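S.K.: Each chain, written out:
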Amino acid sequence: MEMFLYIALFAPLVGSMFAALFSASPKTLIAGIVPSALLFISFLASSILLAYVLKTGGSIHVEMMTWMATGDLYIPFGFMVDQVSVTMMMVVTLVSTVVHVYAIGYMSHDKAFNRFFAWLSAFVFSMMILVMSDNFAGLFIGWEGVGLCSWGLIGFWYHKEVATWAANEAFIMNRIADLGMLIGIFLVYWNTGTLQYVEAFAAMPSLETDILTWMGIFLFIGAMGKSAQFPLHTWLADAMEGPTPVSALIHAATMVTAGVYLIVRANPLYDLIPHVGLFIASLGAFVALFAASMALVNRDMKRIIAYSTLSQLGYMFVAAGLGAYWVALFHLMAHAFFKALLFLGAGNVMHAMNDELDPFKMGGLSKVMKGTFIMMTIASVALAGIFPLAGFFSKDLILEVGFIQNHYIIYTVLLFTAGLTAFYSFRLVALIFHGEERYKLFGIDPHEAYKFMLVAMTPLLLLAIIAGSLKGTYFDMVTIVLPATQYHVHSAVVYWIMTIGTQLFVIGAIAFAYKKYALSEVKVPDGTSAMENSFGYKLLKNQYYIPQFYENYLVKPYRELSLAFWKEVDMKIVDATVDGIAKAIYNTGENTRDMQNGNLSTMLKWMVAGAVGLLSLAVVFGLAVKFSSEIEFFLSTLGVQ
Amino acid sequence: MFDYILSTLIFFPALAAVFGFMIHKDSIRAYGVTVSAIELALSLWLWFIFDSNVAGMQFMENLPLLPAFGINYIVGVDGISLFIVILASFFTLIGIASLTDTKKVKNMIITLLFLQMTMIGVFVALDAILFYVFWELSLVPMLYIIGAWGGEKRIYASVKFFLYTFTGSLVMLVGMLFMAYFYYQATIDPITGVGIWSFAILDWHRLILPETYQLWLFGAFFMGFAIKVPMFPFHTWLPYAHGQAPTIGSVILAAILLKMGTYAFIRFSLPMFPDASVYFMFPIAIIAIIMIIYTAMVAYAQEDVKQVVAYSSVSHMGVIILGTFALNVEGISGSIFLMIAHGVVSGALFLLVGVIYDRRHTKMMSEFGGLASVMPIYATIFGVMLMASVGMPLTINFVGEFLSLLGFYQQSHILTLLAGIAIIVGAIYMLAAYKRLFFGEVTNEKNKNLPDVNKRELVALIPLTIITIWLGIYPKPVLEPINNSVEYVVQLMHDKSITEEAKTRIPNLVQASMQEVN
Amino acid sequence: MEIGLNHYLVLSTILFAIGLVGVMRRKNLLLLFFATEILLNSVNIAFAAISHYYGDLTGQMFAFFVIAIAASEVAVGLGLLIVWHKRHGNIDLDNMSTMRG
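Line order of the protein sequences matches chains A, B and C. Take 1 as the starting number for the first sequence in my numbering and just add one per residue. Take 1 as the starting number for the second sequence in my numbering and just add one per residue. Take 1 as the starting number for the third sequence in my numbering and just add one per residue.
Hints may be right or wrong, so weigh each one.
Said to hold, decoys possible - The calculated lysine to any residue pairs, modelled on SDA-like cross-linking and capped at a C-alpha distance of 25 Å, are: (1) 111/A / 452/A; (2) 27/C / 71/C; (3) 435/B / 452/A; (4) 567/A / 432/B; (5) 111/A / 369/B; (6) 27/A / 450/B; (7) 567/A / 163/B; (8) 605/A / 1/C.
To be clear, the hints were calculated from the coordinates, so they are not data collected in a lab. For clarity, every value in this text was computed on a predicted model and none was experimentally measured.
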């Protein structure tokens, strides 16, 4: 089994290096096919591991080699396949295989085709390290690795200013969170003496709650960055500048869920500190609503989906924060499938529309893009949480968790958000695929994507439909390592009212979206209508003015302060002081050189002056010694010791 | 056979430098490469025959010079100095091999070989006077390199470099004389009334001084070391020196010469003045944090890419200082590892800056942009070094930074949190610089046809890239000898400390391992 | 009123002061020599007086030494002075500044 573990882990690395070999040469198809094939192998290996874990209920643990060892610190490259990590491995390898194959088509006209696959496979490798590591340091390797690849892929089209800006923004924001993560790791090490999950978690119950609270908070700060939780969320929407397969893989299905994975992985810690958990859940609920509200008015297809991702991450954090770790992980999995599908569909639309992102310039595309239309609709239905698709099982469960644990505010917020989710998802679908063919005004001739791209998407489609039915098996599997709390509303009546009520609410929201954007005439927002001039609309459209706030109150002052530090402090104070001292010494020499003017009488004068000076000093000291007792007495009367 | 390996390492380059005067200038480059390759082979052989399990000094040589005053030629190497010696010979080779055609190549190579002698001398000297001699001698070749091959303001920069560091070392010399005097006082025989003069560092390590003496002496040594490191606010000579120095000068300066200061802290200040080290731990940590954040911000404001790297050096040196004053095994090992890491990475970054300087004769970032499409290999190597510089895991820098910060976390949580901002601000200035150089469209006509890195440059850059990643993934061969020597130093500090605070701050490893056995 | 030690010392001091002012103010090298002689002789007076006061001849011995050395100094000095005067035509101190720093 260890062999399969290594295959699953290192196949993406091999693929990445293979593609990297060609990265400087023009497009070579093989640089796309080989990494995809290797990823498929990785997927197969993961499946075998899954089967093994399912069958035996055990886990596989290997230690490859020592990484760092000094003093009492010992960090190996250790990998662990247990029920939680194998779930993540399946999600990662499956989605990334699909995305790789899809990208062969999507990127086929890009001249940096080879480089793209090098980065994308490198990302998968980092993600695999992240989920498979058996210690916090290994997790951090993956954590930073995915950040790096995310940077490289967001800024993939590096000649575009916005893309590179967004790449740097994402990296730096993640770094801010990584600092929190690093401090969390330090806390774990100095309090438990190890960074291995098993030993560290075993040592935690005997620690003080204060320390555990700080640990939980700092680790969660790390999670906030990767999972783009408020207030570190702005990078995710900007990250949509990257190629769409990247958005599907990294910024929807895998990397952004790393934060949730961390909380799930650290469940023994968070179980000990429910108050931090409640904070996480509250923040998650807030983000769910906050992000969904921004998606309502946005006019950028990919950003709408990005906000929806953000919102769904909020749901996952609610579940994780409330201790329903398996629910969080389940929603993570289901979400990965339908969200990746949605993004890939959006990619098809973009291709068809010559990279146009404004859905108001589309419309009626269902006629030319039947396959994409069906897939995106199903993905949206799944996202909205309609029975019997994946979202229904995972998302409704989170609502139930909130309800059962008597967090009614969280429940209400999430319920309301579910309606918003349905509305903006179908607003998007309606604007793209239904109604008038507005694209004709712009002279675009849309066409369906390559067949194999659609075929590549079908596994996701299937899973988006049937993932819910895997719930039982999944529950039996992961609850070996995660707390096996069943979330059932005790009264059947309440349960049915809740479920049917939610469904009706969601369907109502969908119907409203259709009515507004598909059946009636769509009015392209041009800044004239009353609604667009209302405060709320502007607030949402400007993302609550948070990016502007960051730009004006953090980025600009930082730049100005840096300049001031350099030009004013470093040059004019620190360096000028040094030069000042040197100049003072130099000037003293310059000025006193007149003493040495070679004129005997001047020198004699100085000699006399010196003699008089020394003589008077001698007299003063002589007197001081002679009258020392009197002086002491005098000083003591003045109160000086 | 192995008895004189350290003396060979020190004096072989110097001897070769003398013979270099007789070599024709057309073949001097080959000569230089050969000599420094032999030197590197010798130092690698030293690593090979070095016994990693021994914590103390190895290959000691002792030759009396002025025995009446206790001044002797004592050299030796332990895990702390071993890798810096290797780094020094490695960078001399890299430097000579990648040397671009300059005027007076012969003088340059002879100077570099002479400089190599002084660098290795500093790191293996175990006699304070010998150490001081090499320490000061190293200024001379550097002064010449900056002054003769530098940019427009080279005279100002070189004189500033020389006088500034020289002033600091004079204070250090006074400290050394006092230390020897205290040693004499402490060893006065009650019957004969005669003490022993000794400048041997290992003797000094055994001397237990009262706390007030420690504080003053620590201060005196601190002046010398802090200016060399350079610590805030003594850092302003560095940007000038780097700004004016030729590429090779910057590389050696950043990779090796700066490490003298931090190395000396570990060799002198910590074991000799443990109580003072604890006393000054927090003030120094605060200086280190200022170095980290302040200079990183200054680096962000720079227009000249070389200045970005120069200021980033100061910022990283702050982390090294912080790790050193963590006073535990994790921190000190981390800081020594980071010295090597920073040597490799900043050396490589200066070489990389030299690559575009050779092509365009400018280092202004506004002159560039979009280089990623013109020079893809260059951009890739630069990218690797950039990521190493910001402390990406699995690169060499991360190991050092992680351990340094981890170590200091034991002493203070808040200060470590502040120092950890290094990973944020470091990313900010590095990514901003990378973006300005490599991303965007090629706007400047002159950049459209720049050739990518050539073979000579690759010869220098590829080994550095390999080391960066290799030691990031597998730091054990380096970390293990360092660890053993550091454990020895920490235990020594714990044993000889006198104040209660120092006893608690500096961990007692023997006790800890006893507990483990039980 | 008997003339005591103090009177001699006061005389010596006055002479010393006169000599000192002369040393500082005179620009002519010859007059400078005179001033130096006054300085030396003021010291001689003090030596002789104190020697007499204590009944110890060492002081007077010293005075003789000083006289001898002053004489040789003047001899050498005047020789140099004459050479200088032959070369430069004057013995003004302000013109002697080849040692200017």
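S.K.: Can you list which hints this structure breaks, lowest number first?
M.R.: 3, 8
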